[in-house]
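Asker: Sequence:
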Amino acid sequence: MKTKLITAISIIALTFSSCKLDSEYSHTPSIVIVSAVTNNQDTLTFGSLDTESFSGLLMDTVSVSDTVNFTIILHSYTNILKEFHLTPSDDNKSGFIFPKDSLDKFCLPSSDYEKGIFHFKGEYIQLPIIFRYIPDKVSNDARLNMRVLSDAKSGYEENRLVVKTPFSKAKTDNKETTEE
1148 MKTKLITAIS
1158 IIALTFSSCK
1168 LDSEYSHTPS
1178 IVIVSAVTNN
1188 QDTLTFGSLD
1198 TESFSGLLMD
1208 TVSVSDTVNF
1218 TIILHSYTNI
1228 LKEFHLTPSD
1238 DNKSGFIFPK
1248 DSLDKFCLPS
1258 SDYEKGIFHF
1268 KGEYIQLPII
1278 FRYIPDKVSN
1288 DARLNMRVLS
1298 DAKSGYEENR
1308 LVVKTPFSKA
1318 KTDNKETTEE
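Using the numbering used here, you'd call the opening residue of the sequence shown number 1148 and step up by one each time.
A hint or two may mislead.
Straight-line alpha carbon distances no greater than 25 Å define the calculated PhoX-like cross-link-like pairs of lysine-lysine that follow [claimed, not checked]:
1) 1316 x 1268
2) 1268 x 1247
3) 1284 x 1262
4) 1252 x 1268
5) 1229 x 1284
6) 1284 x 1252
7) 1284 x 1311
8) 1311 x 1268
9) 1268 x 1318
10) 1262 x 1311
11) 1229 x 1252
12) 1229 x 1247
13) 1247 x 1262
14) 1300 x 1316
15) 1229 x 1300
Simulated DEER-style distance windows between Cβ atoms [what the hints assert, rightly or not]:
16) 1302 x 1281: 33 to 43 Å
17) 1214 x 1264: 19 to 29 Å
18) 1218 x 1195: 13 to 23 Å
19) 1182 x 1224: 16 to 26 Å
20) 1179 x 1281: 16 to 26 Å
21) 1208 x 1256: 31 to 41 Å
22) 1316 x 1225: 40 to 50 Å
23) 1307 x 1287: 19 to 29 Å
24) 1198 x 1257: 33 to 43 Å
25) 1305 x 1257: 16 to 26 Å
26) 1317 x 1173: 44 to 54 Å
27) 1179 x 1287: 19 to 29 Å
28) 1300 x 1187: 11 to 21 Å
29) 1208 x 1302: 32 to 42 Å
Simulated from the structure, these hints should not be mistaken for lab results. All C-beta atoms, glycine included, are put in the ideal place defined by N, C-alpha and C.
Given these sequences and hints, build the entire structure.
Answerer: Have a look at this one:
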């Protein structure tokens, strides 16, 4: 009986001593789109698209010069958020409008909002990012590229999300037309 008890205690002690108990975990940060609503109060929906040429989210069609109000959440679980990058695709130079006053509260002065580069100060594990996105020309392949970086280690520090959306001509006389 004593031998079984000593063996069981030894196995338990060995098991716990082999665990990494320094509380340092590496989780890939996430980018979550909470909402995307146009100024006309149209809620835009997203679908997953995975093809040879594109892997990401496909958003509903947006009219040129309409404004899309995005709310996204960056989450790094147990790690600290370091940077966020938000850029339109090369063929589409759409405009972004950011609430500078609220961003200044958690972004370092090295951030460049016009270029979509955000460096975070403090030790945030979750941050909301609110911005307006204004398409400027018709396109069937416009993309919004997002990248978040955290202090995670071993290849878990970065995550990307690409949102593809067609931009159509502005609505006229309640009829929508698109350019081929």
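Asker: Measure nothing beyond the straight line between the CA atoms of residue 1268 and residue 1318; if it is 25 Å or shorter, mark the hint as holding.
Answerer: violated (42 Å)
Asker: Below or equal to 25 Å on CA atoms is what counts here, so check residue 1229 against residue 1252.
Answerer: holds (14 Å)
Asker: Compare the distance between the alpha carbons of residue 1262 and residue 1311 with 25 Å, and conclude whether the hinted pair is satisfied.
Answerer: Distance of about 19 Å is within 25 Å: holds.
Asker: Hint says 11 to 21 Å; check whether the CB-CB distance for residue 1300 and residue 1187 agrees.
Answerer: Since the Cβ atoms of residue 1300 and residue 1187 sit about 45 Å apart, the hinted range of 11 to 21 Å is violated.
Asker: Can the restraint linking residue 1284 and residue 1311 be considered satisfied, given a maximum Cα separation of 25 Å?
Answerer: Distance of about 14 Å is within 25 Å: holds.
Asker: Do the Cβ positions of residue 1214 and residue 1264 conform to the proposed distance bound of 19 to 29 Å?
Answerer: holds (22 Å)
Asker: Measure nothing beyond the straight line between the CA atoms of residue 1300 and residue 1316; if it is 25 Å or shorter, mark the hint as holding.
Answerer: Not satisfied, since the Cα-Cα distance of roughly 45 Å exceeds 25 Å.
Asker: Given the hinted pair residue 1284 and residue 1262, is their alpha-carbon gap at most 25 Å?
Answerer: Holds. Residue 1284 to residue 1262 sits at ~19 Å (cutoff 25 Å).
Asker: Within 19 to 29 Å or not, the Cβ separation of residue 1307 and residue 1287?
Answerer: The hint (19 to 29 Å, Cβ to Cβ) holds, given that residue 1307 and residue 1287 are roughly 22 Å apart.
Asker: Within a Cα-Cα threshold of 25 Å, do residue 1252 and residue 1268 meet the stated pairing?
Answerer: holds (9 Å)
Asker: Could you check the hint for me, namely that residue 1198 and residue 1257 are 33 to 43 Å apart, CB to CB?
Answerer: Because 37 Å falls inside the window, the suggested range holds.
Asker: Between residue 1305 and residue 1257, is the Cβ distance one that fits in 16 to 26 Å?
Answerer: With a Cβ separation near 19 Å, residue 1305 and residue 1257 satisfy 16 to 26 Å, so the hint holds.
Hint compliance for this structure: hints 1, 5, 6, 8, 9, 14 and 28 are broken, all remaining hints hold.
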